[in-house]
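Taken in order, these protein sequences are the chains called D and P. Going by the working numbering, the first sequence opens with residue 16, and the numbers climb by one from there. Going by the working numbering, the second sequence opens with residue 16, and the numbers climb by one from there.
Because the hints were derived from the structure by calculation, they are not lab data. The reader is advised that the hints may include incorrect statements.
It does not matter which identical chain is used: a pair holds within one copy or between any two.
List time: in silico DSS-like cross-link candidates among lysine-lysine, alpha-carbon distance up to 30 Å [unchecked claim]: (1) Lys-17 - Lys-78; (2) Lys-49 - Lys-17; (3) Lys-78 - Lys-49; (4) Lys-17 - Lys-36.
These numbers were taken from a predicted model, which means no experiment stands behind them.
Number of protein chains: 2
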Amino acid sequence: MKTHLDCYACLLRQALSVARKAGCDEETQLAVMKSVLQGLQEVRTDLPPPFTTTQIHRMIREKLPGRDPYLALKERSTQKALALYPWLKELVEGAGDPLEMAMRLAIAGNIIDFGPADDYDLVSSVERAISEPLAVNDVEALREAIENTDQVLYLADNAGETVFDRVLIEQIPVPVYYAVKNSPVLNDATEEDAVAAGIEQYARIVSTGSDTVGTILECCSEEFKRLYDQAEVIIAKGMGNYETLSTGGSRLFFLLQAKCEPVARDMQVPVRSLIVRRG
Amino acid sequence: MKTHLDCYACLLRQALSVARKAGCDEETQLAVMKSVLQGLQEVRTDLPPPFTTTQIHRMIREKLPGRDPYLALKERSTQKALALYPWLKELVEGAGDPLEMAMRLAIAGNIIDFGPADDYDLVSSVERAISEPLAVNDVEALREAIENTDQVLYLADNAGETVFDRVLIEQIPVPVYYAVKNSPVLNDATEEDAVAAGIEQYARIVSTGSDTVGTILECCSEEFKRLYDQAEVIIAKGMGNYETLSTGGSRLFFLLQAKCEPVARDMQVPVRSLIVRRG
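Pulled out of the complex, with its shape left as it was, chain D reads as follows (with noise of 0.2 Å):
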C-alpha cells in the first residue's frame, strides 16, 4: 500500500504526542515537530507508509537521547492486557467456535496503538469484536491453512496486544514463530514485551531483525528472512503489516481493525472495521 498525503498530518500529530509523552518541554516538542516537518518533505509516497513511519519515529528518538518514548505506556497495555486475560480466555472457552472467537479477540487488541489514536478502551473493542461482523471474513480460509500446516509464522504488532495475540496461539496446534521488532519503535512490541505477556509459554519468540513498523523485508535480517520465504502459514498483525505485506500472496493472513482512513480506504471498508483477509 503506498503512503497517502493524508498519512503526512499524522505523522506530524504523533511527533508532538512522542515528545510529550517523553516528558520534553516546549522548546524540545518544537524542535522535534520541526526536524519532522523537514522530514516530511522528502516522503516517498510510492512505498507504504512504515518506510516513512519508521524514518520519521527515528528522528524524533535521536532528538529524544537515551529514553524510549513509549516505554512506560508499553508496560502499561501489558498489565491492562493481562488484566482482561481471565475474562478472555472464559471467553474462548464458552464459545461455539473458540478458534473464531479467538481470532476476533487478537483483533480486539489491535485497538492498543498509539500510532493513529493517542488512546484507547480496550473493554469496549472487545466487546466490540465479540459481536460485530467482520467486513473482511476469511476465518474459514484460516482455520484450513491452520490445520494443514506444521508450523505458523506470526508477525506481531503492539505491546499489550501481545496478550491477545497469546489467547489466540493458545488456541493454535502447531507450533508458533512469533516475530517482534529487534529494537523500540512506536509502541510495538519487542522481545521483553513478547515475554511480558507469557508468548514464550506458547511459541518461539523471534526477531525481525529490524526496528521498522510493519515488516519491511529488505531491512529484516537473513535469519528472519529465510524464516518468512519458508513460512506456509503467515499471521499478520496490525495495519503496519497489511501496509507492507499486502501484496505477499495467500499464504499471509492479515487480522487487522482498520483504524485509518488512508488503510480502510485501500481495503474498501469504512474505518474501525474488524478484518481477517487472506492476502
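Take the given structure of chain D and dock chain P to it, following the hints.
Just chain P, lined up with the frame of chain D:
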C-alpha cells in the same frame, strides 16, 4: 491566545482538505502540502493561530490560482442554513427568553467551520445548543450591555453561520454593524455571504478590510479600526475572533463552540463546549 503545537498538524490536514475541495490532482495536492510544510517551519508560536492560518491559506490559494476552493461549500452552507431559518425563528418566537435563545442559535451556527473539521451536522448542533448548559455563561452581561448601548459591532465568522447571526441580530433593538472579511479566506463570510443570508435587511455590512482569519487589527483598514475603537459592545463570533481578541477587554463578548483542543484548553472548558464569554 498563542499558537499551540497542535495547530501544525491541523493546518497540514486543512491544506490537504482545501486542495481536494478545489479538485486538484494528486501532484498539485502534494505541491500544496510541501509548500505548507515549508511555511510551518516559520510559524511564530508567540502569535495567535490566525496569523499562521491566514498565511497558510494565502500560500494554498497561490497554488490554486483563480478559484476560491470554498466558494461552492460556502454557498451550500448558506442554503442549508436558510432552509432551517423558519425553524430557527419558531424557536426564538416560542422561547421564554427570545434573546438567550437567539444567542444560543448564533452559537449553534458556529459549527459551520471548515477549519477544525471537514463536515458538520447542523440540526444536531441546533439541538445541542438549545438544550445543553453553556460552559461559560455571560448571557446576562451581554443582555445588559445590549440594553445600555446605542449600537453593536458584530464580528462575523463563517458563511452559513451568517444566517444564525441574522436570527440574533433580529433580536438586537439597536443598530448593528456586521463586519465581514474583505476577500475569501477559508469559509469565512465575505460581503457576498452576508447578503446571501439576508443580513443587509437587519444590519449595516462593513468590511474588516482584511483577509485574515479572526480579526487581526493591525491588518484591518483604518476605517474598520475606527469603528472597532469606538464600539461600546462587540459580539465576536467563533474561535478565530477569540484567538485574536481574547485580551481585548470587557466590551467584547465571544460567542462560539470550542471545537478544538487548544482553544478549549485556553478557555479551560471541555472540547465542544458552548460559550458566551465576556472579554
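(request) Please write out, lowest number first, the hints stated earlier that are contradicted by the structure. (result) none
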